[in-house]
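Kindly produce the complete structure, drawing on both the sequences and the hints.
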Amino acid sequence: MLSSMVLLSLASAPAGLFVRRPHRHLGGWALALIPLTLFALLCTQIPAIIDGASIRETYAWVPQMGLDLAFTLDGLSLLFGLIITGIGTLIVLYTSYYMAEDTGRGRFYLYLLIFMGSMLGLVLAGNVITMFVFWELTSVSSYLLIGFKHDYPEVRRGAQQGLLITVGGGLALLVGLIMLGEAAGSYAFVDILAAGETLQAHPFYVPAVLLIFLGAFTKSAQFPFHFWLPNAMQAPTPASAFLHSATMVKAGVYLLARFYPALSGTPLWTYALTAVGAATLLFGSITALRQYDLKALLAYSTISQLGTLTMLVGLGGKYGYQALVATILAHALYKSALFLVAGIVDHETGTRDLRKLGGLRRSMPATAALAILAALSMAGIPIMFGFVAKEILLKATIESALIDPARYAVIAVVVVSAALGVAYSWRLVRGVFFGSPGSGMKPHVHEAPVGMLLGPGIPATFSLAVSLGLLPLAGEFLTPAATTVAGTAVAVDLRLWYGFTLALGLSAVAIGVGAALTRFERQLVAWPSPLPGWLNSDRIYDATINGLLGGATAFTRATQNGRMRVYMLWMLLAFLALVGPAFTLYGLADLPTPSFANLQTYEALAALLIPVGIIAAIRARSRLGAIIAVGVVGAMMALFFVLFGAPDLALTQLVIEVLSTVFLVLVFAVLPARFEELSRKLTRARDAVIATIIGITMAGVTYAAASNRLFPTIADYFKAESLSAGKGANVVNVILVDFRGLDTMGEIMVLFIALLGIYGMLRLGRARRREADGQPARSYVDVPTGIVQDVAPVNRVEA
Amino acid sequence: MTLILSLVVGTLFAGAVYLMLRRSVVKLILGLILLSHGVNLLIFLMGDGLRRGEPAFVDSVTGAVSANAADPLIQALILTAIVISFGLITFIMSLAYRANQAVQSDDLDDMTLTDKL
Chain A
1 MLSSMVLLSL ASAPAGLFVR RPHRHLGGWA LALIPLTLFA LLCTQIPAII
51 DGASIRETYA WVPQMGLDLA FTLDGLSLLF GLIITGIGTL IVLYTSYYMA
101 EDTGRGRFYL YLLIFMGSML GLVLAGNVIT MFVFWELTSV SSYLLIGFKH
151 DYPEVRRGAQ QGLLITVGGG LALLVGLIML GEAAGSYAFV DILAAGETLQ
201 AHPFYVPAVL LIFLGAFTKS AQFPFHFWLP NAMQAPTPAS AFLHSATMVK
251 AGVYLLARFY PALSGTPLWT YALTAVGAAT LLFGSITALR QYDLKALLAY
301 STISQLGTLT MLVGLGGKYG YQALVATILA HALYKSALFL VAGIVDHETG
351 TRDLRKLGGL RRSMPATAAL AILAALSMAG IPIMFGFVAK EILLKATIES
401 ALIDPARYAV IAVVVVSAAL GVAYSWRLVR GVFFGSPGSG MKPHVHEAPV
451 GMLLGPGIPA TFSLAVSLGL LPLAGEFLTP AATTVAGTAV AVDLRLWYGF
501 TLALGLSAVA IGVGAALTRF ERQLVAWPSP LPGWLNSDRI YDATINGLLG
551 GATAFTRATQ NGRMRVYMLW MLLAFLALVG PAFTLYGLAD LPTPSFANLQ
601 TYEALAALLI PVGIIAAIRA RSRLGAIIAV GVVGAMMALF FVLFGAPDLA
651 LTQLVIEVLS TVFLVLVFAV LPARFEELSR KLTRARDAVI ATIIGITMAG
701 VTYAAASNRL FPTIADYFKA ESLSAGKGAN VVNVILVDFR GLDTMGEIMV
751 LFIALLGIYG MLRLGRARRR EADGQPARSY VDVPTGIVQD VAPVNRVEA
Chain B
1 MTLILSLVVG TLFAGAVYLM LRRSVVKLIL GLILLSHGVN LLIFLMGDGL
51 RRGEPAFVDS VTGAVSANAA DPLIQALILT AIVISFGLIT FIMSLAYRAN
101 QAVQSDDLDD MTLTDKL
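In order, the protein sequence lines correspond to chains A and B. If you count by the working numbering, then the first sequence holds residues 1 to 799, one letter each, in order. If you count by the working numbering, then the second sequence holds residues 1 to 117, one letter each, in order.
Source of the hints: derived by calculation from the structure; they are not laboratory data. Note that beta-carbon positions come from the ideal geometry of N, C-alpha and C, so glycine has one too. Incorrect hints may have been included.
[As the list claims (entries may be wrong)] Where chain B lies over chain A, by a calculated footprint (3+ residues, C-beta under 8 angstroms): (1) 25-31; (2) 222-233; (3) 362-369; (4) 513-521; (5) 607-615; (6) 685-691; (7) 695-704.
[Unchecked claim] Taking CB as the label site, the calculated pair distances span: (8) M46/B - N598/A: 19 to 27 angstroms; (9) A67/B - L578/A: 33 to 41 angstroms; (10) R769/A - S66/B: 21 to 29 angstroms; (11) R770/A - L88/B: 45 to 53 angstroms; (12) M46/B - D738/A: 16 to 24 angstroms.
Have a look at this one:
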């Protein structure tokens with residue numbers, strides 16, 4: 001069932017392309033049925049999961065490598081699955097209205113549904129490799145969605161940045177997952193989670209955990225990798241609400257929570273996650289307050305919430321698990337509602353800038369009501385679900401097992417951030433819906449259609465309804481999720497009123513301070529950034545990318561400067577770097593001691609003539625001298641062939657030698673053929689050194705290869721079969737024309753193509769000269785006709 | 001003898017590399033010729049051991065190839081290689097000829113225009 005659910009959402013994605021006609025919403029409603037069906041299917045599993053069951057499906061994928069395609073449904077994946085499909089349904093519906101005029105709506109739906117399928121696959125995956133595939137698919141579909149309006153450069157930048165950061169982290173994650181899988185001996189989550197103690201004692205533990213952190217931090221926009229998320233707000237708002245708030249950015253937290261039972265408990269896990277999470281929480285809250293763009297404000301608020309979640313995975317503990325799952329649900333509800341409200345505001349007024357908006361509560365009362373509900377939940381005001389979640393969060397930090405100064409620091413960060421959360425929630429609501437009507441809005445702003453209000457309406461209502469009447473139910477629903485994270489049974493006990501506790505007191509302090517902060521809104525917004533300028537990750541990212549591009553350009557300029565011999569030099573050096581050390585380390589020891597027992601003097605003399613010829617060719621001062629020197633080398637080659645039983649080779653070599661010499665004489669006669677030295681002395685010395693090293697390496701490699709036999713020769717087969725199968729006594733000839741006849745045909749083709757090339761080039765020269773002489777030029781491209789005319793000249797009738 | 005011929009391969013490669021790193025087209029061609037000799041000799045040494053004299057012929061009396069005959073396979077490969085390198089070298093020679101007509105130079109540094117970044 002699980003695999004077919006993932007398959008269904010991925011396979012039905014192209015159906016999105018059929019939604020084309022602007023201002024018609026039937027297609028949108030029909031498409032919403034896909035996530036709705038998946039949502040309903042997942043809902044049917046709730047009772048079984050609450051009873052503690054989990055569903056597993058495994059298909060052999062690459063059995064030879066022990067790879068399976070595995071899917072699992074347990075408490076944690078059910079929670080995420082329901083958020084994905086539930087909010088997915090609303091997003092699909094909302095998009096139809098939000099992009100009503102856009103003819104590219106179909107394409108957007110395609111990406112959106114692909115994303116939904118990938119995200120569903122990610123949370124349902126039962127082994128790390130399956131999960132990784134879907135992990136990368138979400139990054140790619142996120143790239144497509146951010147870059148949807150790719151006509152704008154900043155949109156392209158945002159999309160590219162998001163992709164590079166998340167996929168870069170994904171690479172680290174893959175390595176980490178493989179290390180983990182190797183250490184645990186299996187890639188299935190079940191086995192990895194069962195091997196917790198083995199893993200923590202394994203030498204791979206620290207590197208694997210660090211790499212997995214890197215993957216999770218980049219995906220979940222943790223400080224200092226947070227900067228891609230605000231830039232990803234270039235995506236159309238439905239995508240921002242869905243991917244960059246409710247689902248995809250939580251994938252990193254999901255992964256950490258998934259591994260919690262096996263990997264947690266070490267100081268590395270607890271302190272690294274708590275520190276990074278708390279830093280992200282504080283940074284996100286401070287920065288959110290300073291934003292003017294509605295979506296940027298929500299993006300930084302999302303970053304702060306992601307920080308909370310990471311911190312909670314680090315803290316663990318009875319209340320930590322409860323706070324984690326409650327915050328995930330509460331945040332998914334209020335943040336998607338707020339994003340969709342921001343979309344409505346943008347859609348109806350034409351701006352998202354808080355300075356241009358205002359007073360919308362009169363013209364858009366329903367939207368205002370929903371926004372206020374969701375913002376109250378975000379601020380953690382009592383009777384909202386966000387309040388309940390924050391209560392447990394505070395309790396989790398108070399009861400955490402951190403050593404004392406760290407614990408107080410974390411409590412302080414949470415309280416300060418909660419106060420800031422109150423302030424920016426208020427800023428958002430007041431800036432958009434209260435005060436005097438904004439100046440920069442479209443005239444005649446009116447309320448959004450009902451279909452559009454459904455998107456923020458349902459989650460916003462749930463933010464209130466859950467805490468008013470459904471808390472026991474919600475607790476029961478979240479219990480299996482918390483149990484999955486903890487690895488042991490944890491009952492989620494959600495209550496509006498826990499009694500007069502320290503958490504309640506801190507919550508009250510936070511709300512009070514937050515309310516007081518709203519009085520100083522203007523001063524706070526004008527406050528300088530909490531980070532020094534050089535620490536701006538966005539700028540560091542730009543510098544890195546530009547540095548990479550600049551470095552690549554400089555490197556290309558240096559290595560490929562148009563001079564062929566420089567290219568060759570690099571290739572030779574690369575060859576030396578690859579072969580030289582390997583040969584020195586492993587090849588030298590295998591060299592046999594040479595024996596000169598049956599050395600013939602004339603052979604040695606012939607061999608000596610070759611270096612002499614080479615040196616003569618290098619030092620030649622005249623064309624003829626060079627040709628003769630090279631000819632000597634060729635002749636000695638032929639001599640060796642004669643001596644060592646290869647008469648056919650000797651014959652061929654001699655024929656070719658004669659032909660080459662003739663050509664050399666012909667060509668050198670017309671070339672300027674200066675023989676003075678063109679290069680500087682230093683260059684020549686350098687080349688001589690490189691050439692000598694290459695020569696020594698080649699001699700060594702050749703000697704090592706010639707005196708070691710790794711495989712038996714296959715020559716005996718040809719010797720035995722030559723007469724019977726090939727009907728010829730000369731084995732070499734039989735190989736050429738029979739056993740390896742295709743090779744010979746290929747060789748003939750090569751010669752023919754070379755001939756065509758030579759012919760074309762020579763004709764080109766002639767055509768140019770005819771042109772220069774004022775005669776009609778024949779096309780030099782027209783080689784076949786030219787050949788026919790040259791071989792059998794016929795009088796052409798000029799038209 | 002294997003050692004001596006290996007050293008010969010080394011000198012052929014060294015000479016070829018040195019010549020091919022020169023600026024003159026003529027020397028490039030000479031280097032290519034030496035390089036193909038070097039490669040051919042290298043393949044020649046990779047056979048079933050060097051043996052003096054006997055080519056791989058089926059004896060008409062015994063109806064079999066003498067056990068001491070040279071390796072025929074590498075010879076077939078080298079034969080192909082010789083012919084192909086000849087094709088290559090003539091092609092390069094006519095290219096040099098044409099380049100000389102077009103650029104009026106045999107200096108490879110005068111022919112870098114098309115590849116500038």
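Hint check results:
no.: 1; hint: 25-31; verdict: violated (count 0)
no.: 2; hint: 222-233; verdict: violated (count 0)
no.: 3; hint: 362-369; verdict: violated (count 0)
no.: 4; hint: 513-521; verdict: violated (count 0)
no.: 5; hint: 607-615; verdict: holds (count 5)
no.: 6; hint: 685-691; verdict: holds (count 4)
no.: 7; hint: 695-704; verdict: holds (count 8)
no.: 8; hint: M46/B - N598/A: 19 to 27 angstroms; verdict: holds, 21 angstroms
no.: 9; hint: A67/B - L578/A: 33 to 41 angstroms; verdict: holds, 39 angstroms
no.: 10; hint: R769/A - S66/B: 21 to 29 angstroms; verdict: violated, 59 angstroms
no.: 11; hint: R770/A - L88/B: 45 to 53 angstroms; verdict: violated, 29 angstroms
no.: 12; hint: M46/B - D738/A: 16 to 24 angstroms; verdict: holds, 22 angstroms
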